[in-house]
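Student: Listed here are the chains, written in short residue letters.
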Amino acid sequence: MGALAWVEVLDARGQVRQRHRVDALPALLGRGYGCDILVDDPWTSPIHARIYRDLDGTLQVEDAGSENGLWIPGRSGRVHAVAASAAPAFRMGRTTFRVVPAETPVAPTLAADAEVPGPARWERLVPAFSLAALAGIGYGVGEMLDDWGKHNNGEIIADAFSIVVVLTIWAGVWALGTRAVSHRARFGGHLTVASLAVLLGMLCTLVAGFAAFLFPGALTTEVVLFLPGLALSVALIYWHLVIASSLPRARIAMIATAVVGAFLLVGVLAEDGDGEGRAVGRLEFGADLKPLRTTFIPAQDTAAFFSGVAELRSTVDSLAKVER
Amino acid sequence: MTRLLAVGCGLLSALCLLAVRPAAAQDSLSGETAVVFQRYAARVPKIQVLESTSGAKAVTGSAFYVDTKGHLVTNYHVVSKLVAHPERYRAELLDSAGTARPVRVLRVDVIHDLALLATDPRRDVPLEVAVGLPAQGRRLYSLGHPFELGITIVEGTYNGLMAHALTPRIHLTGALNPGMSGGPTIDGAGRVVGVNVSTAGNEVSFLVPATAVRALIAAGAAEQWTPTPDLLADVARQLRTYSDGYLREMFTGEVPVTTMAGVALPTRAAPFFNCWADADQEEGRPWRAVEHLCTSDDVVFLSEDLWAGVLEFGHTMYTSDELSSTRFYSLYQSSFDDDYQWLGGSGEDLTRFECRTRNVEQGGATWRTVFCLRAYKRLEGLYDAVFKAAQLGRGNVGVMTRLTLSGVTAESAERTARRYFERIRWER
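Chain order of the listed sequences is G and X. Following this note's numbering, the numbering of the first sequence begins with 1 at its first residue and continues without gaps. Following this note's numbering, the numbering of the second sequence begins with 1 at its first residue and continues without gaps.
Hints in this document: simulated from the structure, not taken from any laboratory. Nothing here was measured: the structure is a model prediction, and the numbers come from that model. You may find that some hints are simply not true.
[As the list claims (entries may be wrong)] One-sided excerpt, in silico: chain G residues whose CB lies under 8 Å from chain X:
(1) Gly-138
(2) Val-141
(3) Arg-293
[To be verified] Every beta carbon over 10 Å from chain G, so not counted as near; a handful from chain X, in silico:
(4) Val-35
(5) Gly-70
(6) Gly-150
(7) Thr-252
(8) Thr-258
(9) Gly-344
Here a beta-carbon is modelled for each residue, glycine too, at the ideal position from N, C-alpha and C.
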């Protein structure tokens with residue numbers, strides 16, 4: 001007779017460590033020798049959990065009056081009875097397990113000559129390194145367009161190459177971290193994510209430059225560059241963490257936001273530490289100049305410009321009053 | 001830029017010493033100089049501004065008695081620290097007997113760099129202040145206390161009032177040295193022709209004319225020698241009146257024009273401007289810059305790193321045959337961003353600059369236009385302003401212009417910058 005279900009005990013990386021066959025329901029889980037499935041975990045109760053089939057025929061996992069309770073990893077609060085299919089895994093004591101009904105489908109059989117299944121297409125090395133190279137080339141092209149001295153092609157190529165190297169190291173560090181908590185490093189995935197972030201960052205800078213040139217005052221560089229920059233940083237950390245861990249997405253989004261927020265806070269505090277903030281001699285001209293035809297440049301007349309200048313006076317007057 | 005003659009502590013260097021003719025060398029001087037020295041040296045005491053708690057010297061200079069009631073005249077820049085921070089500094093004079101006496105500041109004329117002091121009278125002999133100017137080439141004698149060398153006499157030649165200056169200064173050919181600030185320059189009869197104030201090196205020295213000294217003494221006498229209640233407020237008032245005065249008509253009426261890349265731009269808008277042009281083309285560099293700069297040299301000393309009355313405007317034309325327009329604009333942008341206009345000052349005296357940047361149509365062209373303003377914290381109603389504009393949309397040609405004003409009222413700064421900008425025309 002076939003099994004009714006399997007209980008798979010998982011390790012920290014989510015890999016199956018042991019499988020226990022369930023032949024009869026209900027089945028008891030715990031440390032006690034009377035249980036159907038024995039767990040060598042001092043944090044579990046002698047009879048900790050019970051698997052049974054409810055009236056609808058659904059497989060349920062239930063707390064059998066344990067000391068430390070039944071949990072679903074990533075969610076808060078003990079659970080009492082949950083359908084086996086409603087949770088990817090359960091935790092009792094320090095043991096993580098999942099309950100797999102016998103009727104669960106499995107992947108189709110590989111043909112005899114099929115290759116070992118590899119990572120998803122976007123995680124493969126060729127697209128990942130192509131994106132990294134594109135980021136390097138984009139940087140190099142930008143440098144070349146900006147160069148007004150005697151430009152040195154060797155230097156520009158070296159700079160472009162260093163972008164690729166930095167991306168590779170960055171992705172490598174993330175891959176090492178991923179390998180520590182999961183069974184695969186997923187280097188390609190990390191490199192793709194980081195390269196995309198750099199490319200998007202360059203695009204943002206370009207757009208911000210044109211926006212600051214065309215609409216000074218209306219959209220300041222701070223807003224155009226700062227907010228997308230912030231969003232991009234959160235997205236970068238988010239995707240790295242999605243690749244690296246099996247935590248729920250909502251939790252990862254919170255962590256990514258918190259990390260970027262912490263960096264931002266440190267930055268703000270460090271700036272405050274300078275005392276006066278911006279130096280009294282520093283002039284911020286808003287010097288974004290682009291070679292556009294004047295027909296494309298929205299402009300005001302001289303009278304309108306100088307009527308707005310009066311605002312500056314009240315700003316510096318109130319600064320003087322506060323600082324006096 | 002001229003150099004002021006007050007000595008900060010630690011300025012004594014071997015190089016400067018060479019430029020000094022100490023009193024001991026008077027045998028080599030002409031007989032009249034020896035007579036002048038003997039007769040008048042005692043009327044020129046040394047002034048020391050001391051840090052209150054430590055008693056350490058912060059500034060030394062010279063002064064001279066103007067009456068028998070203990071009133072003296074020196075430079076404003078000798079006692080400026082005391083005026084700005086009476087809680088941190090005190091001042092004293094060292095008379096010819098070597099006795100120290102406390103002095104206080106009665107009133108100041110910050111525009112001419114003069115201060116009227118008072119001390120306890122002790123049978124001091126005053127110097128008479130001359131009426132009118134001496135003849136060109138007249139021999140004059142400057143007295144003062146350079147460095148720590150004791151009372152010194154320097155011979156010089158009167159070379160008239162500086163042409164086209166906003167504030168009158170006497171040009172003296174003679175080597176004034178740091179520490180002689182505030183000392184008198186007298187004729188053979190002991191009449192004060194001017195007050196030692198600054199040097200441009202190479203025996204080119206400057207004096208505050210006697211008329212300003214007489215006016216300050218008269219104002220002091222009219223107020224029964226009572227001290228001005230709030231000296232800093234008075235300094236601010238003087239600067240506001242002064243700057244409103246020289247900016248009132250600036251860039252109105254007929255203004256001479258210089259043309260760069262088809263753009264007509266103002267030049268030497270008043271006789272006190274010095275204008276010059278310079279082309280900047282290095283071998284093998286793919287772009288060319290031509291600069292036209294006008295400055296007035298009439299700055300007003302406020303502190304060692306802060307000058308009011310800076311009045312400067314200039315234009316730079318950039319062209320390139322080799323650079324693509326994106327590369328050219330990268331150069332143009334970095335040049336526009338360059339905030340070399342370092343006006344000095346610290347956060348103690350000034351707020352930071354606030355700027356307004358817009359694209360503006362003016363004179364048939366579109367300009368990236370910026371106006372920046374910062375306020376003086378301790379001198380009410382005074383500001384520094386920087387105006388800057390760069391012509392847009394001409395591919396590999398660009399004209400940039402800027403105007404810098406320091407120690408002016410905000411109304412004057414705005415009005416002057418607007419008039420300046422409205423003078424500019426693109427004559428296609």
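Student: Run the structure past the numbered hints and jot down the numbers of the failing ones, going up.
Tutor: The structure conflicts with hints 1, 2 and 9, although it agrees with all the remaining ones.
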